[in-house]
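Please build the complete structure, drawing on both the sequences and the hints.
The listed protein sequences derive, respectively, from chains Y and E. If you're matching positions, the first sequence starts at 1 in my numbering and goes up one per residue. If you're matching positions, the second sequence starts at 1 in my numbering and goes up one per residue.
Keep in mind that the hints were calculated from the coordinates and are not lab data. A quick note: this is a predicted structure, and the numbers were derived from the prediction, not measured. A portion of the hints provided could be inaccurate.
[Stated by the list, open to error] Which bits of chain E does chain Y cover? Going by a derived footprint, with three or more residues having C-beta under 8 Å, they are: (1) 40 to 49; (2) 57 to 67; (3) 85 to 92; (4) 104 to 118; (5) 232 to 240; (6) 348 to 358.
No residue lacks a Cβ here, since even glycine has one placed at the ideal position from N, Cα and C.
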Amino acid sequence: MTGIYLLFILMLAIFVGFELIRKVPATLHTPLMSGANAISGITVIGALSLAGGESHELATWLGAAAVMLATVNVVGGYLVTDRMLAMFKKR
Amino acid sequence: MSDFSILINATYVVCALLFIFGLKLLSHPSTARKGNLLSGLAMLIAVVVTLLDKQIISFEFILGAIMLGSAVGVYAAKKVEMTSMPELVSLFNGVGGLASLAVAYAAIVNDAFASVFVLIVSFIALLIGAVTFSGSVVAWAKLSERIVGRPIVFKGQAIANVVLILAIAASGYLLVTEPAMTTWHYVAIGLALLMGVMLVLPIGGADMPVVISLLNSYSGLAACAAGFALENNLLIVAGALVGASGIILTNIMCKAMNRSLVNVLTSGFQKVHTSEMKIEGEIKPLSPDDAFYVLEAAQSVLVIPGYGMAVAQAQHTMKELQALLENNGAEVAYAIHPVAGRMPGHMNVLLAEADVSYEQLFEMDEINPRIEGFDVAIVIGANDVVNPAAREMVGSPIYGMPVINADLAKNVFVLKRGMATGFAGVDNPLFFKPNCRMIFGDAKETLNSLVRQFAD
Numbered sequence: 001m002t003g004i005y006l007l008f009i010l011m012l013a014i015f016v017g018f019e020l021i022r023k024v025p026a027t028l029h030t031p032l033m034s035g036a037n038a039i040s041g042i043t044v045i046g047a048l049s050l051a052g053g054e055s056h057e058l059a060t061w062l063g064a065a066a067v068m069l070a071t072v073n074v075v076g077g078y079l080v081t082d083r084m085l086a087m088f089k090k091r
Numbered sequence: 001m002s003d004f005s006i007l008i009n010a011t012y013v014v015c016a017l018l019f020i021f022g023l024k025l026l027s028h029p030s031t032a033r034k035g036n037l038l039s040g041l042a043m044l045i046a047v048v049v050t051l052l053d054k055q056i057i058s059f060e061f062i063l064g065a066i067m068l069g070s071a072v073g074v075y076a077a078k079k080v081e082m083t084s085m086p087e088l089v090s091l092f093n094g095v096g097g098l099a100s101l102a103v104a105y106a107a108i109v110n111d112a113f114a115s116v117f118v119l120i121v122s123f124i125a126l127l128i129g130a131v132t133f134s135g136s137v138v139a140w141a142k143l144s145e146r147i148v149g150r151p152i153v154f155k156g157q158a159i160a161n162v163v164l165i166l167a168i169a170a171s172g173y174l175l176v177t178e179p180a181m182t183t184w185h186y187v188a189i190g191l192a193l194l195m196g197v198m199l200v201l202p203i204g205g206a207d208m209p210v211v212i213s214l215l216n217s218y219s220g221l222a223a224c225a226a227g228f229a230l231e232n233n234l235l236i237v238a239g240a241l242v243g244a245s246g247i248i249l250t251n252i253m254c255k256a257m258n259r260s261l262v263n264v265l266t267s268g269f270q271k272v273h274t275s276e277m278k279i280e281g282e283i284k285p286l287s288p289d290d291a292f293y294v295l296e297a298a299q300s301v302l303v304i305p306g307y308g309m310a311v312a313q314a315q316h317t318m319k320e321l322q323a324l325l326e327n328n329g330a331e332v333a334y335a336i337h338p339v340a341g342r343m344p345g346h347m348n349v350l351l352a353e354a355d356v357s358y359e360q361l362f363e364m365d366e367i368n369p370r371i372e373g374f375d376v377a378i379v380i381g382a383n384d385v386v387n388p389a390a391r392e393m394v395g396s397p398i399y400g401m402p403v404i405n406a407d408l409a410k411n412v413f414v415l416k417r418g419m420a421t422g423f424a425g426v427d428n429p430l431f432f433k434p435n436c437r438m439i440f441g442d443a444k445e446t447l448n449s450l451v452r453q454f455a456d
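Right, here's the structure in full:
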């Protein structure tokens with residue numbers, strides 16, 4: 001049953017995603033991609049409980065590695081996106 | 001559910017909402033920066049609230065990992081040159097894939113009594129994560145010219161791919177039925193990594209915008225699949241948003257090249273077209289001195305940049321020329337083809353860096369209906385995206401591809417090093433049109449000499 005409920009969420013999120021992203025102008029497509037990189041770093045919250053919990057030793061190490069990698073995505077992604085967006089100026 | 005668990009999940013709902021609003025604000029350059037900030041805030045809240053989880057008992061590992069990751073992220077974001085954005089995004093895609101791989105693998109080894117459902121979704125997350133990682137590394141190596149950019153194919157590649165897919169399916173079955181056997185873990189990860197390499201190797205340099213978009217989508221889908229494995233709603237929502245974004249961009253890139261995704265992914269396997277078309281006319285070179293007189297008299301100038309402009313680092317000189325032209329009373333606009341540059345929107349970022357206002361950047365569909373009104377079109381380092389063969393030569397490999405109709409402007413100047421063909425390897429009849437003049441040489445040098453003449 002949990003699987004079905006999660007699929008519901010997935011389906012709705014994909015539709016929202018399509019509607020939102022369709023409206024992003026071509027001029028912002030590179031920041032959109034780097035911003036999406038940052039959002040995909042959301043894996044960090046899944047990795048946190050694995051790295052800090054009472055897990056199997058291998059799982060703890062894998063979790064810590066995932067926290068590190070996902071943080072690179074989050075921090076690097078948002079910063080570089082901000083750097084790009086700051087360059088887009090009106091006349 | 002414990003109190004903490006309810007609090008955490010309720011906060012995730014708020015975070016999902018903030019991600020959605022952040023993306024909504026990305027629909028205009030004037031609000032986009034605020035949108036990115038909102039999205040970043042959502043991420044921060046999500047991380048902080050997750051740390052309240054009672055299951056988390058030790059923080060040393062987490063703290064160390066976050067500090068190390070942040071340092072790498074800050075360094076990469078501050079150091080990267082705008083011309084290298086495609087490489088950075090590729091690497092970030094790969095890092096995201098690897099993170100999802102690690103999470104999925106941890107989920108498998110952590111729970112000895114995991115249900116079949118959890119094992120299946122964990123395997124999918126493992127698979128997508130590994131493909132994203134190794135595929136992105138190959139894409140990065142191609143973009144940064146560490147390996148050759150052209151398609152790499154070998155005999156029997158198609159058969160090898162089919163065998164590989166079957167082997168992956170088999171390893172998945174074994175992993176789900178016997179999750180305690182670590183051998184199957186290694187086999188599954190190894191095969192999935194190989195799959196990513198095989199996916200990107202046969203794709204050529206010109207198709208890189210498609211590959212980056214596709215891998216971007218995969219990195220989101222990997223996070224999404226990991227969300228299923230951990231039963232985490234926010235992972236699913238955020239992953240799906242990224243996945244959708246990548247798919248839309250992939251689709252836009254494919255349309256802009258008039259090709260299907262399957263065609264792009266298998267392009268290395270197809271025979272190269274040779275067209276017997278004869279192009280009539282002759283090439284007429286022009287010196288920058290003579291070009292100056294035409295530009296001085298022009299009322300409206302359209303600039304059509306391609307990746308060659310970025311290679312020559314000519315965007316800043318172009319901006320100087322733009323200011324001089326505008327002082328001279330001319331209107332200056334830029335026309336940007338969706339696949340100009342090495343990733344979607346790359347050219348816009350490079351021009352924004354050179355201080356060109358986004359209000360002067362126009363998409364192909366906006367500029368084409370009024371292109372006849374421009375006195376001069378300056379093509380800088382672009383080739384295939386202005387090739388009229390796409391419109392008029394049935395049988396040309398790029399026939400049907402939407403292009404910027406530069407040849408319809410009153411005069412066309414093409415800034416080009418020599419007569420080499422573009423990525424598509426097709427002759428360009430634009431160069432032979434009566435209203436077209438070629439200005440040979442380094443684009444930056446040419447623009448510099450034009451700037452000097454205006455200053456005199």
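Going down the list of hints, with the structure as the test:
| no. | hint | in the structure |
| --- | --- | --- |
| 1 | 40 to 49 | holds (count 4) |
| 2 | 57 to 67 | holds (count 8) |
| 3 | 85 to 92 | holds (count 4) |
| 4 | 104 to 118 | holds (count 6) |
| 5 | 232 to 240 | holds (count 9) |
| 6 | 348 to 358 | holds (count 7) |
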